[in-house]
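So you can see what is in the structure, the chains are spelled out below.
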Amino acid sequence: MSATPATAEVTSVAPPRERSRVVLPALLFLLLALVPLAVSFGMPAGWLALLTRALIFAIAALSLDLILGVGGLVSFGHAAFLGIGAYVTGIMITEGKSEALVILPAILVTCALFGAITGAVCLRTRGVAFIMITLAFGQMIYFLAQALSAYGGDDGLTLYEKSTLLGFNPFANRTSFYYTVLIALGGAYLLVRGLVASRFGRVLRAARENPTRVSVTGFDVTRVRLIAYVISGMLAGLSGFFLANHTEFVSPAFMSWQRSGELIFMAVLGGVGSLHGAIIGAVAYLIAEDALSHLTEHWRAIFGPLIILFVLFTRGGIVGMLRKLGSRHG
Amino acid sequence: MAEPVLVLEALSKSFGALKVTDGVSLAVAPGELHALIGPNGAGKTTLVHQISGMLTPDAGTIRFRGQDVTAFNAEKRARHGLARTFQITSTIASLSALENVALGVQAKAGHPLSFFRNAASDERLNRPARAALDAVGLSERAHVPAGSLSHGEKRALEIAMALALEPAAILLDEPLAGVGKEEGERLIGLLKSLKGRYAMLLVEHDMEAVFALADTVSVLVYGRVIASGDPAAVRADPAVREAYLGEEG
Ligand SMILES: Nc1ncnc2c1ncn2[C@@H]1O[C@H](COP(=O)(O)OP(=O)(O)O)[C@@H](O)[C@H]1O
Ligand SMILES: [Mg+2]
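Protein chains in written order, with the working numbering: chain A, 1 to 330; chain B, 1 to 249.
Do not rely on the hints blindly, as some may be mistaken.
[To be verified] Partial chain B-side listing against chain A, Cβ under 10 Å, derived:
| # | residue |
| --- | --- |
| 1 | G53 |
| 2 | A83 |
| 3 | S94 |
| 4 | G152 |
Think of the hints as simulated: they come from the structure by calculation, not from any bench.
In this text the structure is predicted, and so the values were computed from the model without any measurement.
Beta carbons are placed, not taken as given, at the ideal position from N, Cα and C, and that holds for glycine.
Bound-form chain B, shown alone (with noise of 0.2 Å):
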């Protein structure tokens, strides 16, 4: 089996006296789809904050692509190939949603700073970012501020700004939540259309979208990890039906 990606060892996060990560170790393997479910407030976001440099664990070690990035901020862990989502979408507002994917590819370009071109018209970003908005199926809103996208729209977006930085691994948090029916199967679409290319991280509370989609899956109760196999063991075992799937019903 090859190396794997990213390897959380025994993480641990505090906030007071509530422990939020509790000795999590996981790894993601290139091109797996790793599922972390759990019920609210298990930890997955701050988890998700860890791995991606927002917050830094009080123990622990994160490696990715072999390395020890623990110390890495967010910035320098974007550019080493780590990319992400938001629960809570974030994109930049005004800028089209062309400009935000762009942004991304710019990331990625020999001159991400450079004070002369104009960035709007310069094919050597709108290019790749064109590219992203087509594989996330949002083409033809490429000139539409990306304030004014709908809600699965931004969510679609936010993958794209994610691919523009030609990732190594994509931590994706809760990529459909509050989308309605018939976008959220366009976006589970769309991530299967991704599966295999990247090593994905997906917290996800559709359990459905989670067992259609995931090639491990790990539960999260109190920021502990509880179980960790292939779906259909994790969907067997009764500490997890106990603890979490028992209270979907």
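Bound conformation, chain A alone (with noise of 0.2 Å):
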């Protein structure tokens, strides 16, 4: 690591934390768009397929992230927003609505609408009983999109066709394809970062450190939350759209709460609360995912074992890792 300019005139207007958040980043995305030039170099086309796969899981990551780790909100079923999302999408797909930006606002508006509802009973309760009620509201979408037989029931509903934006078909190719969900990660990245940073975020993050304290100086701190939880669901409905357009299928199995665990697992590995590591850790956890699969049929059973001793060990998941490395070696 002796790419970093640790001059002692660097550290003292922004301590070590601080340029991470900058420079971390960063990097990310800049890695992240070379890709498909790495792929065009030689790098397997499967690849670009994959990571295609993790950005759009990324953006459910990253919005978990707003009430998991900003909010300190163990949500057990975020999944059924991003099923609500590729729901929407497949439904309007079949009736022949596929632009984009009509089947967008709609995704929008039926997850604030849920989320409004679903969160305003969820957040009436602390700890076990909001991971509990989550997950029973999650389930209850699962059951729902089962009974759905006009749009397919327990088999899930297969897309013949997929979305356009403004006429343009920018999910017919792999590479455009790409962009485009990058893209949309790098907007919700920097939304998601603007809201940590504003007078909502730091009550939001004030709020999970001591609730009293932020209620006892004037904050509706279930209202603080609700917001979070609200905008947060949007997101995850933004990536359910793009998965619906990825696999060209969607199924129940989109918001089981096995999904929402997985979820949870990809902010955890990552690094909770620092946004970017929501992105990595969903990029590591689909890439290990795919790697162990191959290996083996029990891939399962190695890969839950092996991410929480992974967490247990690092503490602050790869972010947490790539932190302490980085101020030791600064």
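Fit chain to chain and form the complex, with the hints in mind.
Structure (structure tokens):
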């Protein structure tokens, strides 16, 4: 890591932690932007599809990090939003409305409504009860999708067409699909980052640590958390839009509790609360999943414990580990 | 005499069979420093919790700035100008001292939950926050995370957080608890400097501090106010001496 220009001057202007918050995300997005180039120089083309999928999940993991890492709310039903986004996409395309500018508003409104209603109930509870209720709402949506017999029910729904955007077909080509998702992820990242740094975000962060202090300061903690929950759900819905277009298929499994658990794993693996950690976590998770599933059928039995060990020993996930390395050398 | 800012009328609260607040009535005038003393377990903290809205009384009313606020929750009372500190320090450990205070400024600001501007560099929040830090002598420590401050500094920070709300009244629950002699003296000096500017209800164990600061002293024993009046009279009250001051030797 001799590349880090660790002069005393730089350190005195911005502490290492602040620096890593700019350098690491910038590096990350630069690397991601270069992936299609690497593919054209001989990287196996399968990587592009895998990483597109990873970036789609990165949007969902990032949105989860807003409530989980920043707000301190462990939602075990986040895949419901992803599933709603995917289903709205699937249903609308089936009904002949494939334009993204028509589908996306429908997704955002549906997810916001679902988030506002379920959030208002969930946020009356704390701790384990919150986890259980979010899980219950997630399962409710899962069974609802199973009951949607007009749209495949249990078997899921195959899409024979992809979305268009302003009449163009960004999803027809692998590279343009990848870049479209990357741009959406970049936008989502900047949005969430801006939110976290805003007055709203400061209250959300403070309430994670000390809700009593925040409420005697004059803030309605539940309301602040509800707003975060709704925004987070809308972003997860966006990732569902991409996922439906990518797999060309939607099924109830998209919103199973296992999927919600995977999203938590991604956020925790990358390092909770840092935002870019969720992106790194999602990419690492999907690459590891791909590699292990080629090795053995029982990869889940290896993967789960591996992640738990990793998180236990690094504390702070991949981002925490990088930060420690950075400060040792800086 | 001016209309009192804070009035408690026959407040009562029980935890199961234990009556912790037993018909407490008292009033704090604008600018008055009203000290509340009493042995451990007398119910002082429980009373402060009820006034700040963290606990609901079983009976009685709380009037604040001429309004019955008994049914208001904690955040609504804070927005009406009622600030408090805690017996056990309560700050946001990972935020800097400045940000802790800015949180209070933000609560009073026009857009307390605005989504778009960076809050950390917002001078509309930072300027008043720095002034409050300055008032408690923490300007040098503005960028230190609250969790890394010394115990006495944390106590001062809590007072700055209360000041940031531009409150009409401040409830101080044992602000000197666990503080060494030197820092304690600094805090007493700080409270003196605030005296007359805010209505304050000061719960305190340190008798020297109480008699040096208070305009009025009330004595709480087993949830009941057994004496209330100017410090000299309360100090001389035989019931008080027996129930409370006597035990101090
Ligand atoms: N939440 C509670 N549940 C039951 N008993 C409590 C609770 N809070 C305080 N108490 C009891 O009420 C009494 C008064 O406590 P407190 O108000 O903290 O006294 P003080 O601040 O005067 O030392 C104590 O006996 C304490 O054990
Ligand atoms: Mg107490």
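Consistency of the hints with the structure:
1. G53: Holds, because the Cβ-Cβ distance from G53(B) to chain A comes to roughly 8 Å (cut-off 10 Å).
2. A83: Interface hint status for A83(B): holds (8 Å vs cutoff 10 Å).
3. S94: holds, 6 Å
4. G152: Since chain A brings no Cβ nearer than about 19 Å to G152(B), farther than 10 Å, the hint is violated.
Hint violations for this structure: number 4 only, all remaining hints satisfied.
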